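Peer 1: Given next are the chains, with one letter for each unit.
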Amino acid sequence: METLLNVGQGFGVALMPINLLYCFIGVFIGTLVGVLPGIGPISAMSLLLPITLSGTPESGIIMMAGIYYGSMYGGSTTSILVNIPGEAASVVTCIDGHQMAKQGRAGPALGISALGSFIAGTFALIALMLVAPSLASVAIAFGPAEYFSLMVLGLVVLTFLTQGSMAKALLMACIGIVLGLIGLDSINAMPRLTFGRLELIDGIGLVPVVMGLFGVAEVLINTEKLIKRDIINAKITHLLPNKADWKASAGPIGRGTILGFFLGILPGGGSVISSFASYALEKRLSKTPERFGNGAIEGVAGPESANNAAAGGAFIPLMTLGIPPNVVMALLLGAFIVHGVQPGPLMITQNPGLFWGIVASMYIGNVMLLVLNLPLIGMWVQLLKLPYNILFPLIILFTIIGVYCSSNNVFDVYVMIAFGVIGYLMRKIGYEPAPLVLAFVLGPMLENNLRKSLILSQGDLWTFVERPISAVCLAIAVVLLIGPLLPSFRKKRELVALEEGA
Amino acid sequence: MSDQDNVKLRVNNSELWGGLIGLALGAFVVWSGLKLKLGTINDPGSGYVLFYTGLLMCLFSVTIIFAAVTEGGPTFGARWKDARWTKPLLVIASLIAFSLALDKLGFLLSTIPLMLLLLRLVDPVRWSLAVPIALLAPLGVWWVLKRVLLIQLPSGIFEIG
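If you're matching them up, the sequences are chains A and B in order.
Quick note on the working numbering: the first sequence kicks off at 6 and runs consecutively.
Quick note on the working numbering: the second sequence kicks off at 323 and runs consecutively.
Rather than coming from a laboratory, the hints here were simulated on the basis of the structure.
The reader is advised that the hints may include incorrect statements.
Said to hold, decoys possible - Among the chain A residues that face chain B by a calculated CB cut under 10 Å, a handful are: (1) Ser139; (2) Val221; (3) Asn227; (4) Leu375; (5) Leu402.
Only a predicted model underlies this, so the values are computations on that prediction, with no experimental measurement involved.
Ideal placement from N, C-alpha and C gives every residue a C-beta, glycine not left out.
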């Protein structure tokens, strides 16, 4: 009953005209960046972070969240019609989605993708409504030792799942922590690594770092190659899947939704991993696995549902513990902090309007996305024809503007360009930026909680082991760190490792 | 990857250089941590986390270097094989020139040439399209920010914009 009252309150907030407008802008931009290859939700969210400052926290967060789950919908359109993933979570959709389009079944592929996403998104929201308050009430008992260990676990899981050498991913995470500590020490206000520059006293901004590593670096990588687009030009008809399509897709949608939701909650997990895991699961369960890769609708329905469910699930650790499980949620944490709201166990009780408003807006956003992605599909197809040589200078222009507006400081534009070049070189020599960004956000919190726990325990390191939650987190982290030394474990890691931040 | 693309103890081993840069950064962070004072385990100082993070960076870098020497790694040439490496270089040069000009010339006078360079240098867009885009996009953005959102953009020594 209480949940229903809270949901009612949430819809009261979400249905306010200004919040409906922000929600629409968010899901529209999300679909747009999902459709356009070369710009993802991370770049778009960091670009629009300064714009959210002008509105209320509810409006700002509603828009940012809309961009995230909107991009999950939009990404599938590009994968199916052009065979280029609009964003990283849609990589697997290319495999069977584009084959279906080539066989003249682009309509059902797009339809099942949007409808599966809607079903998964709805399930994830209901689960979020039920799980988040219970988890928040448990999390109130968390002390600095638990928070420290949870953050360590989040970073280790992300490095474990990052493609390539784990040592490289761990090195990136360490560099992220160091970058996050630049500026005044939060405990004794001592300047650290500022090199006498006043601009560094407050630390490096999240927006220039993310825009550089993901926006500018992505453009530099894309200019290296000629992007050939094999766009399906035939008119797209029969968007609603037929009975046989539904029969084949029901299981994958159900399994993808549950799998995606739980993988989304895990620290370091996310939409990319869940879509790959769902594809692998469906192929393994199928009686005719040879159809996969040749236009099997299950290969579209499962992963698309999984990535949307994961997008919903990822809000749980952020909203209940204040810990972002992935880079996108780290940006959302930045948006909360910019608005003076600290996500965590107390947020649901102290800011119920905000929490339930965001949850309700996500449901409304899912309905908006269904309308945007099915009847308006023709508009997105036209957009896909925009050549990259015109698109990328515009992306550069908007990144410059976004970074400048976030602080009104030219120094941040320099920082962005520097991180853009560093990010490009990093990717060329096989260093993924995702662990760096997550560690950059978690670094100051990690340090703060470590120092607090050591002060409270009077230097007793056993405090991290004596507390059960902390001990379990650290034990899992140790297993994941030591595991890859064993050949069989290493092989399994290589199978699941992905370019999360791509 | 051919044998020529994978080398062990050679100057052009990209993995080796990645590890060496990480090691240098780690050593710098350790030194910075020490300089900032470590404090004690009961009362950790400002340099405590930096120092131990630096040590971890050194450890991971040594692991990368060890793997680069024993297993070998791709050469820089192999990393950029089949890539149009001059294109990102041109974009980087344009961005550096832009960053040097932004404060002095202001937003409009530095962004319009940047846009034109990007539109013409990488995969050339025809002049009749490049010039209007290079002019209209920055002008449009400038108008929205300055007139609608009331955000002051750098106007430079000529105070244009």
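Peer 1: Hint by hint, note whether the structure agrees.
Peer 2: To see whether the hints hold, each was checked on the structure:
1. Ser139: violated (33 Å)
2. Val221: This hint holds: Val221(A) lies near chain B, its Cβ roughly 7 Å from the closest one there, short of 10 Å.
3. Asn227: It holds, given that the least Cβ distance between Asn227(A) and chain B is near 9 Å, below 10 Å.
4. Leu375: violated (30 Å)
5. Leu402: Since the shortest Cβ distance to chain B is 6 Å, the answer is holds.
Violated hints, in rising order: 1 and 4; the structure is consistent with all others.
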